[in-house]
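If you're matching them up, the sequences are chains X and W in order. Using this note's numbering, read the first sequence as starting at 1 and increasing by one per residue. Using this note's numbering, read the second sequence as starting at 1 and increasing by one per residue.
Hint data in this document are derived by calculation from the structure and do not stem from the laboratory. Treat the numbers as computed from the prediction; the structure is a model and nothing was measured. By construction, the Cβ of each residue, glycine as well, lies at the ideal position given by its N, Cα and C atoms. Any given hint might turn out to be false.
Unchecked claim - Here are the computed distance ranges between Cβ atoms for each label pair:
| no. | chain 1 | residue 1 | chain 2 | residue 2 | range |
| --- | --- | --- | --- | --- | --- |
| 1 | W | G65 | X | V141 | 44 to 52 Å |
| 2 | X | G104 | W | V64 | 16 to 24 Å |
| 3 | X | P131 | W | N53 | 45 to 53 Å |
| 4 | X | G33 | W | V64 | 27 to 35 Å |
| 5 | W | E98 | X | E7 | 48 to 56 Å |
| 6 | X | A31 | W | Q95 | 44 to 52 Å |
| 7 | W | L99 | X | T70 | 16 to 24 Å |
| 8 | X | A125 | W | N53 | 35 to 43 Å |
Stated by the list, open to error - SDA-like mimics (lysine to any residue), calculated; alpha carbons at most 20 Å apart, straight line:
| no. | chain 1 | residue 1 | chain 2 | residue 2 |
| --- | --- | --- | --- | --- |
| 9 | W | K83 | X | G52 |
| 10 | W | K87 | X | A30 |
| 11 | W | K83 | X | D57 |
Residue strings, one per chain:
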Amino acid sequence: MSVFSPELVTLNLVASDKADAISQMAKLVAAAGRGTDAAQITADVLARDEIGTPQVDGVAIPHARSAGVTQSSVVVARTSGVVFDPEEDPADVLFMILVPPGEGDEHIDILSSLARRLMDPEFTAALRSLPSANELFELLVNGQK
Amino acid sequence: MKIVAITSCATGIAHTFMAAEALERAGKAAGHEMFVETQGAGGYKPFAQDVINDADVIIFANDVGIRDKERFDGLKIVQSTPKAAIKNAADLIKQAEELASS
Numbered sequence: 001m002s003v004f005s006p007e008l009v010t011l012n013l014v015a016s017d018k019a020d021a022i023s024q025m026a027k028l029v030a031a032a033g034r035g036t037d038a039a040q041i042t043a044d045v046l047a048r049d050e051i052g053t054p055q056v057d058g059v060a061i062p063h064a065r066s067a068g069v070t071q072s073s074v075v076v077a078r079t080s081g082v083v084f085d086p087e088e089d090p091a092d093v094l095f096m097i098l099v100p101p102g103e104g105d106e107h108i109d110i111l112s113s114l115a116r117r118l119m120d121p122e123f124t125a126a127l128r129s130l131p132s133a134n135e136l137f138e139l140l141v142n143g144q145k
Numbered sequence: 001m002k003i004v005a006i007t008s009c010a011t012g013i014a015h016t017f018m019a020a021e022a023l024e025r026a027g028k029a030a031g032h033e034m035f036v037e038t039q040g041a042g043g044y045k046p047f048a049q050d051v052i053n054d055a056d057v058i059i060f061a062n063d064v065g066i067r068d069k070e071r072f073d074g075l076k077i078v079q080s081t082p083k084a085a086i087k088n089a090a091d092l093i094k095q096a097e098e099l100a101s102s
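Make a model of the complete structure from these sequences and hints.
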């Protein structure tokens, strides 16, 4: 199964802070049947965030290995701005990457190629401008190796 | 010049590859030959020995230990982090240029 799903794309996430944003995204994963424990996912992502969440040009990538997720999943959210690192501008696009413990190489490869794509300004511009969750999902799927 | 780099991070999924992409882009933009070894969660593909032998300088962008670090004994090293590479790869390339010609 793909790490992407239209159910895991949200174009208008309203969150009070990063913990709230991560929690809401974790709930999407559980609601899509890809995880069993949104609270565990949230805790694991926040723990990983303690040592730094990568952010490039307004795109933040909170991520973790978590026993709360049963399938590798990527949640994508557009927001009006969530602060991950006080030294950076608020992030307006969030990519939450979740991998279950012991996940094999195949999904790791997909996720790592996604991480590389995030360094491409054309890709991030499309992330911000596509008008629907389905089109955004298509962009993610079609670009994958 | 020929610049080699190693990227690695705690989870081995995101930072490692973003840093690699950033360094490849910045190095090529500055007219260098770039070789990046990503030491990620899916393991890594070691450089061929002649890539190491021909390198002018190496950039370590890691926040966990570099695997088989002794391969690079004797090379001039720019020590940095994946975060710095993602944020400002061009600056690391510049540091590498300066170190290589020092």
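* Which earlier hints turn out false for this structure, listed by number in ascending order? -> 1, 7 and 10
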